[in-house]
Amino acid sequence: NAGVTQTPKFRVLKTGQSMTLLCAQDMNHEYMYWYRQDPGMGLRLIHYSVGEGTTAKGEVPDGYNVSRLKKQNFLLGLESAAPSQTSVYFCASSSPPHRATDTQYFGPGTRLTVL
Amino acid sequence: GDSVTQMEGPVTLSEEAFLTINCTYTATGYPSLFWYVQYPGEGLQLLLKATKADDKGSNKGFEATYRKETTSFHLEKGSVQVSDSAVYFCALSGAWEYGNKLVFGAGTILRVKS
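Residue numbers (my numbering), protein chains in the order written: chain A, 1 to 115; chain B, 1 to 114.
Excised from the complex, chain B in its bound form (with noise of 0.2 angstroms):
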């Protein structure tokens, strides 16, 4: 069945680095590609998204490349700031006969200090 796989955190970085977070995926046909953010105490938001192969999703100084290739949609920002601490979800839309699953990662909790 379809199922993403994130790279495990916490991932702990201070203010201004770089950041990637992992994300590869396994379906059948051509799914759409989602980063989500939870904040703590919250539900989630919908951060970016792609629904074909090598667009590029971006949102927020966020960006994630759909990549058939390899299969990965990796999440990438610049300069991170103290109030990017959350936990991202990356997810696929596995559209099946009814409905529109979602199936997504485990989640990465991301720590910025200040």
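So here's chain A without its partners, still in its complex pose (with noise of 0.2 angstroms):
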């Protein structure tokens, strides 16, 4: 099993561009996530979806959409990029809250810079 992968692993984008992150879970669970990381500040939730089809917004949703058209792959885009949106973005998938299987487990990371 791979966990989660996501693409690409770096990018660099101009003000005002676009771009699509791609997260892909090979364990069949149900919930996705997208989460910021930015210094001092810890892990930020942007999106989230608990089943194919469906997305919500989380803490941080202004500028960014999301997609999840099929259960394995959750899709972050960004319509025009802002210097703001410099971060690390990390993906996660999870069971159906239950405290036997409310643990998350992450991508590898997109380091994205916006000039």
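Check before you lean on any hint, since a few could be wrong.
[To be verified] Chain A residues, not near chain B, derived (Cβ > 12 angstroms throughout):
1) T15
2) Q37
3) D38
4) M41
5) L43
6) E59
7) L69
8) Q72
9) L75
10) P83
11) V88
12) R111
[Said to hold, decoys possible] Per label pair, the in silico range of CB-to-CB distance:
13) E69/B - S67/A: 23 to 33 angstroms
14) P39/A - S83/B: 20 to 30 angstroms
15) T15/A - K68/B: 42 to 52 angstroms
16) G29/B - V12/A: 16 to 26 angstroms
17) P40/B - A2/A: 17 to 27 angstroms
[To be verified] Straight-line distance between alpha carbons at most 35 angstroms, and here's what the computed DSBU-like set of lysine-lysine pairs gives:
18) K71/A - K52/B
19) K57/A - K71/A
20) K71/A - K101/B
21) K57/A - K68/B
22) K77/B - K9/A
23) K101/B - K14/A
24) K57/A - K56/B
Simulated from the structure, these hints should not be mistaken for lab results. Positions of the beta carbon are idealized from the N, C-alpha and C atoms, including for glycine.
With the hints as a guide, dock the two chains, each given alone in a separate frame, to form the complex.
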């Protein structure tokens, strides 16, 4: 099992450009998440999905869109990148919330720089 | 809302020293508590977890006990190694209507010198 994979690993964009980050998981998890990690702020939830075809906003959703067309994939889009979106982006997946299975599994991250 | 507060780093220790990283939380209900570790250039890995009060999570020599009375989940290790150098994140699972939101602390950098 590959677990959670993310594509690409690194990307540099100019202000106003668009891009899509791809997350894939092979653990048959219902729930998937996108976080951003900024120095001194831990990880903050951008958007999440509780199943195929569903998405919902997290703490910091502005400037991002997501889609979950297939259960194993969760896409994060930036329509018009801004320097404030320079960050490391992590995808995660988990089973539905239950104390025995509420662990989230993380991908290796995508480092995005917006100039 | 739910929140997690960790001690600020970086924490610098010599090999074989005792480690404590403090973590306190604020939450409604009874969250699960986690420690995640991030090694340089990698994603987060679950280090240990505890799901109810007085539970002790342990893994790779690390331990943390869920203390409801002090709302704490401090991470400890008796003898650190250079390979433990990483960023450590305390988190709580604040389950809400849909999804299973993790709330993270800011992270604590640990540097272990040989």
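Hint by hint, here is what the structure shows:
no., hint, result
1, T15, "holds, 27 angstroms"
2, Q37, "violated, 8 angstroms"
3, D38, "violated, 10 angstroms"
4, M41, "violated, 6 angstroms"
5, L43, "violated, 5 angstroms"
6, E59, "violated, 9 angstroms"
7, L69, "holds, 19 angstroms"
8, Q72, "holds, 18 angstroms"
9, L75, "holds, 17 angstroms"
10, P83, "holds, 22 angstroms"
11, V88, "violated, 9 angstroms"
12, R111, "violated, 9 angstroms"
13, E69/B - S67/A: 23 to 33 angstroms, "violated, 44 angstroms"
14, P39/A - S83/B: 20 to 30 angstroms, "holds, 23 angstroms"
15, T15/A - K68/B: 42 to 52 angstroms, "holds, 47 angstroms"
16, G29/B - V12/A: 16 to 26 angstroms, "violated, 42 angstroms"
17, P40/B - A2/A: 17 to 27 angstroms, "holds, 21 angstroms"
18, K71/A - K52/B, "holds, 31 angstroms"
19, K57/A - K71/A, "holds, 18 angstroms"
20, K71/A - K101/B, "holds, 19 angstroms"
21, K57/A - K68/B, "holds, 30 angstroms"
22, K77/B - K9/A, "holds, 32 angstroms"
23, K101/B - K14/A, "holds, 32 angstroms"
24, K57/A - K56/B, "holds, 33 angstroms"
When each numbered hint is compared with the structure, violations occur for hints 2, 3, 4, 5, 6, 11, 12, 13 and 16.
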